[in-house]
Structure formats: structure tokens, C-alpha cells
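One letter stands for each residue in the lines below.
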Amino acid sequence: MDSFVGVVNYLVFFAITAGIYAVLSLGLNLQWGYTGLFNIGVAGFYALGAYTAALVSGPPPDAWGGRVVGGFELPFLLGVLAAAVVAGLVALLIGLPTLRLRADYLAIATIGIAETIRLVLKNEAWLTNGVWGLQQIPSPLYGLIHRHAMGFLRDRPDLPNWIIQIVSRTYNWFYLLLVSVILFALYTLLKRLAGSPWGRVLKAIREDEDAAAMSGKNVFRFKLQALVLGAMVMGIGGALYAHYVRFISPASFEPLYGTFIVWVMLIIGGTGSNGGAILGAVVVWGIWAATDFITDYLPFTAPQGAALRILVIGVLLEVILVLRPGGLLSPSRRNRRAHPPG
Amino acid sequence: MDALARVPQLIVYGLVSGSILSLGGIGVSLTYSILGFSNFAHGDMMALGAYFALAALSILSGWGLSNRPLGPLSFGPGLLAALLVAVVLTSGSVVLLDRLLYRRLRHAGRITLMISTVGVALGLRNLIQFIWGPQPHYYTTRIQRAVAVPGLGVRIKPDQLFIVAVAVALAVLLHLFLRYTKTGKAMRATSDNPSLARVSGINTERVIVWTWIIGASLAAVAGVLTGIENKFVMPELGWQMLLSIFAAVILGGIGNPYGAIVGGMIVGISEEVSTAFVSTGYKPAVAFGILILMLLVRPSGILGRRE
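Each protein sequence line maps, in turn, to chains A and B. Letter 117 of the first sequence, counting from 1, is numbered 119 in my numbering, and no numbers are missing. Letter 219 of the second sequence, counting from 1, is numbered 220 in my numbering, and no numbers are missing.
Hint data in this document are derived by calculation from the structure and do not stem from the laboratory. Backbone N, C-alpha and C define an ideal beta-carbon position, used for all residues, glycine too. Hints are not guaranteed to be accurate.
Said to hold, decoys possible - Not the full set, but computed from the structure, chain A residues with beta-carbon under 10 Å of chain B:
#1 Leu121
#2 Pro305
#3 Leu310
#4 Leu319
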């Protein structure tokens, strides 16, 4: 029974993390899948969201680490909102100078902003505690739910051990529900946006920018809106992450890895499809978790195992790009472009 | 005043790191102008070169080739031979990568190619980490003393002079190659107008292979020079410079190899001089600041053609 409990608790953890990645993947799908914007700084917006939420909803500075501001202990939803706003504002600043130029420039600028954000998080200890990171970020309603679960167990001391172990982790079930609700809300919203006239303009821009401009659409403004909205969704993902793990540091947001895995999720799931973005997050996170178990059994050191896992994901991406550029959900190989219509 | 007094010395350091950025930037610029996409794996190609040299150095010394310092330098014939081996192996690997991957994606469009280079970047870096581990490795552990340059009040290490000299020599060679050889002319023609080049009978696949060979060779040299300057090599060696390289390339005018040299020097010097005023940790952010400024003022770059 113990291993069964372990599996259940692991699956809950797995689902929460996959859900957070699915939020990021949805944000990227709005930028890349709908509009064709090449953002390779996902990790930067993710980190911004996490830190903003932690500073808005977290505890005031403690004695060490060097932070002197932030920690307003405001409600969870306010923190999430702030995370979205800050990530969106930074995206606006990046989009303004680059979105009139070739796609390469946005790509380079997003690498730059992700790197700059990471440097600020590391160096500006007065705001971020530097490499020490932010701790004791509260999980919403944790006290209430945990108290009730514990009370439930206290009243029934004769329950089998495995039920006790599952009930004592009730909070994770609640957080899974919370992530699922937010994910579903974002999914519905983005799906509606995709079908709206606004969403159709984005797809027109993706397919043929000049034709969209010729039909009188302000291409620059639509691209900017998609970039900002997508970054806001990523900021929400960051906030969900911070409130779940409760401790964040610059090391949690390794620039290329954080960005890259989200890209692989989106491409594997099928670019341009919101359902595909979520499916891809689950599949890739599953592969990622499975390779963790496998490398444990191989005769490699820990850094070697970690490197091997990323290498596997990288090779997987290239294979998908060559063989199934439309992603797993694409019906056939007839569409040789990385983003199929739809 | 104290900070200002350090500026001349920092400019010297900037010339050294600018030389390395220029060599990296030339490759990025050539790939962009001839193949039409930004290669985000270029930094990791540099790291690959640096590690190939590391492996060659130890094999060659096993065969009895000494790495006893040449004159005032901190290294000797062993590393110079290893550098040549690294150039050959890196070029070979990159051409192979083009055959296996990039060629199959060429019809899929520029952005798909860019995505694949991001995958290659991460793949190469983790391949290096898998084989050599995340810890630093050393070409040589000799400490070298900087010597005063008479009359200028600055000091420079002989190794750093070597780095600048190699960069200048390679830039001149590249210029002669592009200007006077048949392949060089074909490359310039392809960069100006790929379709016109093809109908005039230029073998564009051959031009592409040459572009990779030149870009990868310069990347390998830049990687080894970085190892000489830093005194160690790590898997992140190239990725850490990628942003500065792109800033240099855009500053000089993307697609123009001469622009990459000008941009590399400006970015290198700005990054080093900035350390007198802001935390050293912000060097890449300085490059990013220059890049954004340039995009706002003149996106085509100093030597670039307006699109």
C-alpha cells in the first residue's frame, strides 16, 4: 500500500506541474501558434510572474538575504494579477522596438530580456534576496485546508495508514483543483479569442503578414497585443509555480531550459491548437519525469544524467521538426511547415 | 575619478574580448546572410571547438607533443596543434549537422530552422556536459604576468596580444577570401541574391557548406581563444557570449561580416568599460542595452543596408 500512496502523491505532484507548464504552453501558443511571434525568453516572463507574486503575496523581508522591500501579504488573486501585469509590461517594452522588424530581432531581444531578468534577480538583493531567493511564499488557503484535514484525521484515529497518508496531503489536491480551474479558464478564454475576429487577424498575420497589412490591419498593433497577452499568461504560470513550491531562486529559471521545454511541449502538441498545447505539456512533462527514473538506473553521475535528459528532449524536438512538423495531433505530413493552419 | 582612471586598462581588456566576439560574430553574420537565419547554436559551436581542443591537447601530449610555453606565452606547440585539430573537427561536425538536420528543414522556413538551432544549442551544450562534466577544465595552469605597455599606462598579457593578433590575421584572411577567391565571390553573390546566384550557375549547396566551414572554424578558434583568456573552459562558455555576439552582429549590421568586427569591438569595449561603473555581473545586460538602443535608432546597424 505504501508504494500505492507514493504513486498517488506523485501523480498529484505530476499533474500540478504539468498544469503549470500547460499554462506556459498556452501563453506561447498565443504568441507563436496564433501569431507567429518567436519568443525564446519564456523563462524570463515565467520568472517575472513568480517573483512578482512572491513579492506581492509573500511575507515581509526577514533578517537575512538582503531584501528590504516587498512582501505585502496581499491576497493570492491580487498577486496573480500583479504577476500578469508586470510580465505584460515587460513584454510591451520588448515588443515596441522589435515587432516592426524581422522575426529574428524579437527572438534575440527575448533571449536578452530573459538573461537580463535573470541577472537582475541574481544581483539586486534589495529586491530579490539575490541567489538566496524568496522563501515562505504562502500557498492560498493552506492553513484552512490543512487544519481541516488534520482535524479529520484526529477524529478518526483508527483509519488505515495509507488513507492517513493521502488525507494528510489534501492540500495538494486542492492546489491541483485550483491550477485546473485557472487552466480551464485560460483555455476557454484563449479558444474564444482564437475564434473571434481578433484571433482571425492574428492567424492572417501568421500566414501572410503583408496580405494582412494590405487588408488594412495594423499588423504591429495586433502583434504587440498578442505578445503582451501571451506574456501575461506566462506571468500567471509563474505565480502558480511560486505559490506551489513556496521557494524560488534564480536557479529555478534556467533561461534556455525553462524556455526550451515549453517550446518542445507546444511543438509536440501541435502548434496553433490550444488542446495540443495542453496535451504537449502533459506528454513532455511525462517524458521528462520518466527519463528521471530511467537515468537513475544508468551508470551515470547526476550531472551526466541531467545532461542526457536534456539531450534526449533536444533530439526529440529535432526529430519532430523533421518528421511531424505539425505536432502529434496533426493528421499527416502534408503540412511541412512548423505551424499548420488552425 | 577612480573609476575613470581604470578606463584605459579596461579598453585593453575590451579589445581582447572584442576580438573573440568579432570572430564569433562573423560566423553568425555569414550564416544569416547566406542561409537566411539566426543561428542560436553558434555559441555552443564555440564551446564544442574549445572542448575538441581540450581533448586533442591531451591526446597529442600523450603522443609526446609538448605544450611547453613558446616564448612569453602560457602555452606551446601542443595547444596550437590542438587548435588546428579543433577547427577541423568542429567544421566536420557542423557540416554533418547541416547534412543531417538543417538541410532537411531548409524548405520548412526560416523560423523552423531557428527553432532547430535552439535545440542544437541545448543539445551540444548537454552533450559536452555529458562527456566532460560541468566542472571547468584547463588548457594550462600556468600563471601569466601582464607586462606594461610603454607610454600608455596600461598592462597586457602576452596571451592577450596573441588573441588580438589571431583575430586580426583571420579577419584579413577572410577579407582576402571573400574578395579574391571564386568561392568567396560565390558566397557574396548568394548573400546578395540567392535566386539570382542559383540561376547564374552558382552551386548554392556548395556555398552553404563553405559558409558552415568558415563559420564553424572561426567559432572553434573563438572558443579556444576564450579558453586561453579565461584560463578554463566550461560547457556554458559559448552560450554566455551568445547575447554579446548577437548584439555585436546587429550593431555592425546583421549579414555584414565586416560589421560584425566593428560591432564586436564596440560591444567588447563597452562591456569591459561598464565594469568601472556597474556590477561586473551586468556585462551581458550592457550588451543587451546596446542592442535595444540600436534597434530603436538604426535597426540596420552601422554598416548595414537599410531594408
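Quick rundown of the hints versus the structure:
1. Leu121: Interface hint status for Leu121 of chain A: holds (5 Å vs cutoff 10 Å).
2. Pro305: This hint holds: Pro305 of chain A lies near chain B, its Cβ roughly 5 Å from the closest one there, short of 10 Å.
3. Leu310: 6 Å, holds
4. Leu319: 4 Å, holds
In summary, this structure violates none of the numbered hints.
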